[in-house]
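A.B. asks: Each chain is listed here by its residues.
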Amino acid sequence: MAMALTVAPTRMELIKLRQRIALAQKGHDLLKDKMDALIMELFDALRRIQDSRAKALEQLSKAYSALSECMAVLGTLETMQAAREAKKDVQLNISTRNIMGIQVPLVEFRDIERNALARGYSLHTTSSLLDNAAREFERALKLLVGLAELEAVAFALARELEKTKRRVNALEYILIPRLKETLKFIMMRLDEIERENFTRLKRIKAIIEERR
Amino acid sequence: MDRLIKFELGRLNIHLPKRRISLRAALSSPQPQILTKDGGVHALKREELEFLSKILSESDWDKLQLPIFISLEPKLGKGAARIMGDVETKVVGQILKKEKIGSELIIYRPEVAVLRRKLPTTTQYFFVW
Amino acid sequence: MSFKVAAIGDRDTVAGFALAGVAYTYIHSKKEETLAKLNGFLNSREIGLILLTHRVAEELGFELRQMIQKKKLLPMMLRIPDKTGYAPKTDELRDLIRRTVGAEIIVKREGE
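Protein chains in written order, with this note's numbering: chain A, 1 to 212; chain B, 1001 to 1129; chain C, 2001 to 2112.
It should be emphasised that the hints constitute simulated quantities derived from the structure, not laboratory data.
Glycine included, every Cβ here is placed at the ideal spot set by N, Cα and C.
Hints may be right or wrong, so weigh each one.
Stated by the list, open to error - Cut-off 25 Å, straight-line C-alpha distance, at most; resulting in silico cross-link-like pairs (DSS-like, lysine-lysine):
id	chain 1	residue 1	chain 2	residue 2
1	A	Lys-142	B	Lys-1118
2	A	Lys-142	C	Lys-2071
3	A	Lys-32	B	Lys-1090
4	C	Lys-2083	A	Lys-88
5	B	Lys-1075	A	Lys-165
What the hints assert, rightly or not - Some chain B residues judged to face chain A by a derived CB distance under 10 Å, without partners named:
id	residue
6	Leu-1004
7	Lys-1006
8	Arg-1011
9	Leu-1016
10	Leu-1027
11	Thr-1036
12	Gly-1040
13	Val-1041
14	Glu-1073
15	Lys-1078
16	Lys-1100
17	Ile-1101
18	Gly-1102
19	Ser-1103
20	Arg-1116
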């Protein structure tokens, strides 16, 4: 239920009010367009996440298997030692990109997959099992990085969508109806005043006629 | 109340670039990006730049300004958008397999989706009111 | 800009990612200490991604959720299953979508 605003019932106000309604309407339409675009982008991100998540989790599971095999054969201590010695030089190149005003991360991969020598654990414990485990985890890491980026985008889009939706609703259900109510009120009052003036004029005319 | 609406409308396009960059300039930069009006950075993906360089003749590389604007104008109708610019419409027309009329191209929601999927960083939404 | 990766979880998870070259690792034992470590990672300008196992995430509970709310764009954070494959029933992303779009989105796979 909209409450009318307190505004003087003049013709000037009527014109201003019509302009305000037009502006609010325009704002509403544009924000709706933005909402639709956000929903489209979100849908796309979700579709990609579903795919990416499935692949990443499958690879991660493979990696864990390779690791437990390595620990079983080589021994936990040896494996942990290699883990400590491995070169920890994985780097990600992250910048930002912009979707309709929201900043989201953009990741360009530096080479995550390395060869045995580059990995750095001491040669005497080098075993193919260890290399295998390392390789599977490198692959998993690459996929997980991609997934993390997609999720960051989806969360940012969803949050912006929530904000935009609230604004669209505020315009559609509160502001614009209120403005329209006020418009109706002013038009009614102006009408009344016209009629009052008309009746008054008639009475004055009648009095003048009588005086003659 | 009006101030709020005007403020919101002003904010709609604040993510747009201060200045666009040509395809050639972007290709030759080690870190192709543009600065946005609200002080942020928008990076252009190399993958997309290379794709664009392949579908355009070299003479057009200086003419294509990035990012390509997808103009959302409510008066066009629900979900419709406009692409403007000679080379811009050429590129979009090729991707969407659509004929352009002069140097303008109107595209519809499913086509916008395809375009955004293909060029997520080299296209940007632009609100017109 | 160049960033490094961090991983927090049980011993095996951490070992695996260390082998893959992850720079910052932490084996979880006590909630308070892990929270402190995580906070350090979140505020580090060097780290671009933090991997955290679901099990540890659950143990960190409410404080973790608060940290996620306040989090800036970077570092990105991703929760992953550990070797047991455990993942909670609730999916934050799905919940958020349901709230905003107002409906469950069931996205069809390509080609269906």
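A.B. asks: It remains to establish, for every hint, whether it holds in the given structure.
C.D. replies: Checked hints:
Pair hint Lys-142/A plus Lys-1118/B holds up; C-alpha atoms about 22 Å apart against a cutoff of 25 Å. A threshold of 25 Å between alpha carbons decides the hint, and for Lys-142/A with Lys-2071/C the separation of about 23 Å falls inside it, so the pair holds. Distance check on the hinted pair: Lys-32/A and Lys-1090/B sit about 29 Å apart at the alpha-carbon level, beyond 25 Å; violated. Restraint check: the Cα-Cα separation between Lys-2083/C and Lys-88/A comes to about 22 Å, which is no more than 25 Å; the hinted pair holds.
Using a Cα cut-off of 25 Å, the hinted pair Lys-1075/B and Lys-165/A holds, with the two alpha carbons roughly 20 Å apart. Hint status for Leu-1004/B relative to chain A: holds, with the closest Cβ pair at about 9 Å, below 10 Å. Taken as an interface hint, Lys-1006/B checks out: its beta carbon lies about 8 Å from the nearest beta carbon of chain A, inside 10 Å. About 7 Å separates the beta-carbon of Arg-1011/B from the nearest beta-carbon of chain A, less than 10 Å, and the hint is met.
Interface hint status for Leu-1016/B: upheld, as the beta-carbon distance to the closest one in chain A is roughly 9 Å, under 10 Å. With a cut of 10 Å, the hint placing Leu-1027/B at the interface with chain A is violated, because the nearest CB-to-CB distance is about 15 Å. Checking Thr-1036/B against chain A: minimum C-beta separation of about 6 Å stays under 10 Å; hint holds. A hinted interface residue such as Gly-1040/B counts as satisfied when its beta carbon comes closer than 10 Å to some beta carbon of chain A; here the least separation is about 6 Å, so the hint holds.
Taking 10 Å as the C-beta contact cut-off toward chain A, the hint placing Val-1041/B at the interface holds, the least distance being around 5 Å. Against a cut-off of 10 Å between C-beta atoms, the interface hint on Glu-1073/B holds, since the closest Cβ of chain A lies about 8 Å away. Below 10 Å, beta-carbon pairs count as interface contacts, and Lys-1078/B has one with chain A at about 8 Å; its hint therefore holds. A distance limit of 10 Å between C-beta atoms decides the matter here; for Lys-1100/B the minimum to chain A is near 22 Å, and the interface restraint is violated.
The interface hint given for Ile-1101/B is broken, as the beta carbon of that residue sits about 22 Å from the closest beta carbon of chain A, more than 10 Å. The beta carbon of Gly-1102/B comes no nearer than 24 Å to any beta carbon in chain A, farther than 10 Å, and the hint placing it at the interface is violated. With its C-beta approaching chain A no nearer than about 23 Å, Ser-1103/B sits outside the 10 Å limit, and its interface hint is violated. Nearest Cβ of chain A to the Cβ of Arg-1116/B: about 7 Å, under the 10 Å cut. The hint holds.
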